[in-house]
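Okay, here's what each chain looks like letter by letter:
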Amino acid sequence: MNPIDTTEAAARADTFEAAREYRPPVLDCDSVSIFYDDFLAVHDVNFGCGDNEITALIGPSGCGKSTVLRSFNRMNDLIEGARVEGTISYHGEDIYHSDVDAIEVRRRIGMVFQKPNPFPKSIYDNIAYGPRVNGFKVDSMDDLVEEALTKAALWDEVKDKLKQSAFGLSGGQQQRLCIARTIAVRPEVILMDEPCSALDPIATLRIEDLMHELRSDYTIVIVTHNMQQAARVADKTAFFTAEAHEVTGDRTGVLVEFGDTAQIFESPVDKRTEDYISGRFG
Amino acid sequence: MTTQTARPDRPDLRQRRRPGDLAVRTIFRIAAALTIVITVGIVLALLIPSIEFFSEVPVNEFLFGTRWAPRFADASFGVVPLITATAWTTAIALFFAIPLGLGAAVFMSEFAHRRTRKVLKPVLEVLAGIPTVVYGYFAVQFIQATVLRDWFDLDTGSFSVLSAGFVMGIMIIPTIASISEDAMSAVPNSLRQGSAALGANRRQTAVKVIFPAALSGIIAAVVLGISRAVGETMIVALAAGQQARIVEGPLEAGQTMTGFIANAALGDSRVGSLEYNTLFAVGLLLFLLTLLINVISIAIVRKFREAY
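Heads up: the protein sequence lines correspond to chains A and B, in order. Letter by letter, the first sequence follows residues 1170 to 1451 of the numbering used here. Letter by letter, the second sequence follows residues 9 to 316 of the numbering used here.
Because the hints were derived from the structure by calculation, they are not lab data. A few of these clues could be false.
Said to hold, decoys possible - Some chain A residues close to chain B (C-beta under 8 Å, calculated; not the full set):
| id | residue |
| --- | --- |
| 1 | Asn1242 |
| 2 | Glu1249 |
| 3 | Val1269 |
| 4 | Arg1276 |
| 5 | Gly1279 |
| 6 | Met1280 |
| 7 | Phe1282 |
| 8 | Lys1284 |
| 9 | Phe1288 |
| 10 | Pro1289 |
| 11 | Tyr1298 |
| 12 | Gly1299 |
| 13 | Asn1303 |
| 14 | Val1307 |
| 15 | Met1310 |
Just so you know, even glycine gets a beta-carbon here, dropped at the ideal spot from N, CA and C.
Model the full structure from these sequences, guided by the hints.
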């Protein structure tokens, strides 16, 4: 029936469920709808991302999962006409409140993009950029760069060529550089928007291993097209789908089901989730 | 019932004749060749009279002489006065045009809303369409006579390199702004997003990521601006003055290289005479200067650019 092996994810989820007392979510969506001008992209989303958890957002193309992810650190602000209704809160603070500085939000909630996007600078300067623009007072930028690259499992590969252009790295290395760059500003949450979709399977595995390691220090939210990946890395999974409007035909994303990854993959409550997971749709 | 056409035994893969293809290719090849032919022709047209000129006037005397009086009985061919006037007008033009042009470009590319940009850019480009003779009169009549002399009460005559240079600066703002705006807009949005996601504000993103990434296009824009300033004729012929003398301050008048050519080429010098050949020697120098600026800028771009 279902070709995806979820035993590992299930076992992990079980141990964690048992060990964890209730903690309020780090990121919480309450009745969130997102518009691009008049177009309703995502409608009435409710879920939360817990501390030191990996939450996967899955679903077919156009279901709004990336839109939701980008609203978590106000990246949608860069798109003219984008608008969020409802409340997205970070430790209980509404990040879309008029008093909130989007730049402060982004410093705490970092983001890794679908296509690796290193700056056209040296490897060193790519890492040092974030601490510099945020005015970090550090004793040694060299140490900070090394620490970030080490955490991103890239240090050994690049330590002899820190002054070389980041564009000389392979795609997988560039993506780990982007993760290191994000870590360097010491965020609490890391958002990942299909971070492996431009990478080969080996580079993908390295990024997934890295996510497991980062999990103890960071809250991670990942958008992925790859269901096996969600099953492998995520503690919680949110399944989105797109529904066409009866009259206009506009496709709007909705959250169908949210729960522990093992439950979503093994005993989905909603028929649409089951169809998607088992490959009958999408 | 469906009728099936019989499948041929062998697929027909033989060369086809495509006369349209050939015609188009020929036209483009001619167009490409013409640009080279014309360039070579211009260089030759400059070189041949210049060689004659330098057979009569030593290169040293031409390049380092400080008195320019080609039409006097007691003729002298030191080009330094013309160079000083060109240097002053160009420097003044760039002093105004680079900050304003780049500022406008950064604003349009990184800060302005879609709609503002849509209005601003065409308006700016209209500036580039104003005939330079109009700029020239604007410089003489308004900037020199009204602004500098009447309003600021400055000690200056009917002409000055300041008014010519300032108006020339206004003229090249659109060149610099438009081309560098194109270069900055061409920087992928993923870099802006990456920078924003690290907590950088728009100014930091513009200055530290977008500007360096677009540097080769920006330098190209500035170089084009410099070339236009060095080669601009009508504004300086009208507003800088016709007296070839070493210019020591912005309020002085002086004749630039292009100003001399425009002035001397009005038709009273005999073909083949030394005076006639002088025009080409100055023209050649102008050409070499522009070429030098281009070579230097390419070197700068190679050294500093951050290719994306």
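Hints versus structure:
Because the beta carbon of Asn1242 of chain A sits about 7 Å from the nearest beta carbon in chain B, less than 8 Å, this interface hint is met. Against a cut-off of 8 Å between C-beta atoms, the interface hint on Glu1249 of chain A holds, since the closest Cβ of chain B lies about 6 Å away. This hint is violated: Val1269 of chain A has a C-beta 13 Å from the nearest C-beta of chain B, more than the 8 Å allowed. Taken as an interface hint, Arg1276 of chain A checks out: its beta carbon lies about 3 Å from the nearest beta carbon of chain B, inside 8 Å.
A least Cβ separation of about 6 Å between Gly1279 of chain A and chain B falls short of the 8 Å threshold, and the interface hint therefore holds. For the restraint placing Met1280 of chain A at the interface with chain B, the shortest Cβ-Cβ distance is roughly 4 Å, inside the 8 Å limit, so the hint holds. Annotation: Phe1282 of chain A was flagged as interfacial toward chain B, and the flag holds, the nearest CB pair being 6 Å apart, inside 8 Å. Among the interface hints, the one on Lys1284 of chain A holds; its C-beta lies about 6 Å from the nearest C-beta in chain B, closer than the 8 Å criterion.
Hint status for Phe1288 of chain A relative to chain B: holds, with the closest Cβ pair at about 6 Å, below 8 Å. About 4 Å separates the beta-carbon of Pro1289 of chain A from the nearest beta-carbon of chain B, less than 8 Å, and the hint is met. Of the supplied interface hints, the one on Tyr1298 of chain A holds, with its beta-carbon coming within about 7 Å of a beta-carbon of chain B, less than 8 Å. Checking Gly1299 of chain A against chain B: minimum C-beta separation of about 4 Å stays under 8 Å; hint holds.
For Asn1303 of chain A, the suggested interface contact is upheld, since its CB lies about 5 Å from the closest CB of chain B, less than 8 Å. The interface hint given for Val1307 of chain A is violated, since its Cβ lies 15 Å from the closest Cβ of chain B, which is over the 8 Å cut-off. For Met1310 of chain A, the shortest C-beta to C-beta distance to chain B is roughly 15 Å, which exceeds 8 Å, and the interface hint is violated.
Checked against the numbered hints above, the structure breaks hints 3, 14, 15 and satisfies the rest.
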